[in-house]
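Trainee: Keeping their order, the protein sequence lines are chains A and B. The first sequence begins at 1 in this note's numbering and counts up one residue at a time. The second sequence begins at 1 in this note's numbering and counts up one residue at a time.
Read the hints as simulated data drawn from the structure, not as lab findings. If you're wondering where the values come from, they're calculated on a predicted model, not measured in any experiment. Among the clues, some could well be false.
Some chain B residues near chain A, calculated using beta-carbon distances under 7 Å [claimed, not checked]:
id: 1; residue: Ala83
id: 2; residue: Ala86
id: 3; residue: Leu91
id: 4; residue: Asp130
Ideal placement from N, C-alpha and C gives every residue a C-beta, glycine not left out.
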Amino acid sequence: MTPVRLQRVVAPMLLTSVAMVVASALAAVVLQRPYLVELGLPFLVVLVVGLLLDGPAEVEVTVELTSERILEDDVTEVLVTLRGRGPGGRVVIDLPAPAGVTYAKKTPAVREVRLPAEGVVVVRYRLEQPPWGVHRWQPLTVRVPAPLGLVSYEGSAVVDAVLRVLPLAEALEQLARSSRTGVVAGARVAGAKAAGFEFADIRDFVPGDRRRDVNWRATARRGELRVNDHHPERSTDVVLLLDAFPSAGLPSAVRATVALATAYLAERDRVGLVRFGTSLEWVTPAMGARALYRIVDTLLEASVHRGVAWENLRRLPQQALPSTAMVLAVTPLADLYSMNTVTQVAAQGLRVAVIEVAAESVAEPGTTPAERLAYAMWLLELEENRDRFRDRGVPIVAWDVREPLAPVVEEVAAFQRYARHRTG
Amino acid sequence: MAPFLVAAAIGGANAWAGLDTPGTAGGATAVFVLTLLASLVAAGFVSSGVRTAKRRDLIGGLLLTGATYAATVAGHHDGPLTAGLAGVALLGLAHLSHGELDRTQELPTAPGAWPWRVTLALVATCALLDGLVALVSGGGRPRPGSPSALSVLVACVVVTAVVTALTALAEGAGDDPSL
Numbered sequence: 001m002t003p004v005r006l007q008r009v010v011a012p013m014l015l016t017s018v019a020m021v022v023a024s025a026l027a028a029v030v031l032q033r034p035y036l037v038e039l040g041l042p043f044l045v046v047l048v049v050g051l052l053l054d055g056p057a058e059v060e061v062t063v064e065l066t067s068e069r070i071l072e073d074d075v076t077e078v079l080v081t082l083r084g085r086g087p088g089g090r091v092v093i094d095l096p097a098p099a100g101v102t103y104a105k106k107t108p109a110v111r112e113v114r115l116p117a118e119g120v121v122v123v124r125y126r127l128e129q130p131p132w133g134v135h136r137w138q139p140l141t142v143r144v145p146a147p148l149g150l151v152s153y154e155g156s157a158v159v160d161a162v163l164r165v166l167p168l169a170e171a172l173e174q175l176a177r178s179s180r181t182g183v184v185a186g187a188r189v190a191g192a193k194a195a196g197f198e199f200a201d202i203r204d205f206v207p208g209d210r211r212r213d214v215n216w217r218a219t220a221r222r223g224e225l226r227v228n229d230h231h232p233e234r235s236t237d238v239v240l241l242l243d244a245f246p247s248a249g250l251p252s253a254v255r256a257t258v259a260l261a262t263a264y265l266a267e268r269d270r271v272g273l274v275r276f277g278t279s280l281e282w283v284t285p286a287m288g289a290r291a292l293y294r295i296v297d298t299l300l301e302a303s304v305h306r307g308v309a310w311e312n313l314r315r316l317p318q319q320a321l322p323s324t325a326m327v328l329a330v331t332p333l334a335d336l337y338s339m340n341t342v343t344q345v346a347a348q349g350l351r352v353a354v355i356e357v358a359a360e361s362v363a364e365p366g367t368t369p370a371e372r373l374a375y376a377m378w379l380l381e382l383e384e385n386r387d388r389f390r391d392r393g394v395p396i397v398a399w400d401v402r403e404p405l406a407p408v409v410e411e412v413a414a415f416q417r418y419a420r421h422r423t424g
Numbered sequence: 001m002a003p004f005l006v007a008a009a010i011g012g013a014n015a016w017a018g019l020d021t022p023g024t025a026g027g028a029t030a031v032f033v034l035t036l037l038a039s040l041v042a043a044g045f046v047s048s049g050v051r052t053a054k055r056r057d058l059i060g061g062l063l064l065t066g067a068t069y070a071a072t073v074a075g076h077h078d079g080p081l082t083a084g085l086a087g088v089a090l091l092g093l094a095h096l097s098h099g100e101l102d103r104t105q106e107l108p109t110a111p112g113a114w115p116w117r118v119t120l121a122l123v124a125t126c127a128l129l130d131g132l133v134a135l136v137s138g139g140g141r142p143r144p145g146s147p148s149a150l151s152v153l154v155a156c157v158v159v160t161a162v163v164t165a166l167t168a169l170a171e172g173a174g175d176d177p178s179l
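Please build the complete structure, drawing on both the sequences and the hints.
Mentor: Written as structure tokens, this is what we have:
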């Protein structure tokens, strides 16, 4: 447990009491009426009793979460464990909730607890359905009031606990697929011929072929050994490009990115992440649950980064954007930097598709004519940006965040199939 | 709002007692009206001190509210009983306004910082001490042989010293250095 550094603070009540005692005593003496002392006598009693009952205060505290990672719909608790002593035997603690997070009504932020002579006391704060993101607490304020409130001991304790709330991801079934597979085993049928399950062709036997690949019917028909060729099952590399510039569409963009990452990893693809914006972070493509955790952790940090700087992708390592990867950019297209970044990736020869968080679904037009005009102009600008992407051969699909993501992903998949058909 | 009302009520009671001021009827009315105005100003100071968290306004307002007892003195209703009641009422006003002040400053304050037992003990102690003062002062009216200027000075010095000592005791570095 961490000791709280308490500082003795004189409450205004003490000063008031002093002033009343002095004033009444002076009035009694100057006006030669002794009973005027009685005007300040109650204050004198409070002053003497309050200061006599005052004493040292010591408080040790620990703040911890019952679960540090939860889903958006889950409920968790903050446990504040207190131990110590004070002149009044009680302590008032104030643990303000992080921005966007609320406590249950039964567990308000300010609580008064009695310090037991021995052992500890545990105060619970119940968090109900906190929004996704990384939530950090402000310091816990501890106040040990002395009897009659003349003096109090105040201090604060740093709260180390960090709550990571994972966004709920929509289940996606039909995903955009890349024709370029990697070398790692996966669930996609590769175009190459090698050991695998999917039948590809029949060819002449060459030394080294496995006996179980021999196609006995074709061999009997041709009178010479023939073997089956197969397509191997390989993984594809998918890199999710998240535009994390602060905007109204960012929460939806993160939600979509989590849904995509979950769906691709479930199909045994290697998934990577590049989060660009006020800071540049990346996760190299990998498979499995561990990759998902790394991606989600990086995505959650998008909710805490606020700034005005922009880092372009030049310092991104080659491994973060493999040449065989299919890039899915999720962006609210809020500014020119987002466009430039996506264009920069497409210029590297990677297959890029853009899922745009539609501005119309996250921002409302204003009430005044000027605001409505600005809104209309902004929509026109967005439409122009979309056209620029299409001109460069980058498919872009707008997603209304009030609707499911699945049809949008299916549309991206259709674009990819069409592109394969056109390019061969 | 509550501190304003309580302060105005204390001042109003004193103003009412000032209506019995001997002399002309106009003089008594003047004392009443002036005291009422003073009590409203005092209540305003208390209320403003609570709202803006200015200690000076709060303490000034409480002192001015206490000063309206001068009307009771002028109306010859003064004495140990009324002074004792006024003192307890002022203490109640101070407690109420400081509680409101804590809430204004959004300090983590426990509701009802003074349990009823403590309040009862305070009132009983005050009544006992008030009785002692009444006995010692023998009724309260100025008697021949009033205090000299020197005794007034000595009393002021003693009171100031006691209060300074008490304040120093409260403000002293009482922190445990081991923390």
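Trainee: Compare the structure with each hint and give your call.
Mentor: These are the hints, each one checked on the structure:
1. Ala83: holds (4 Å)
2. Ala86: With a minimum Cβ separation of about 6 Å from chain A (threshold 7 Å), the hint on B:Ala86 holds.
3. Leu91: holds (4 Å)
4. Asp130: Hint holds; B:Asp130 Cβ to chain A Cβ min 5 Å, cut 7 Å.
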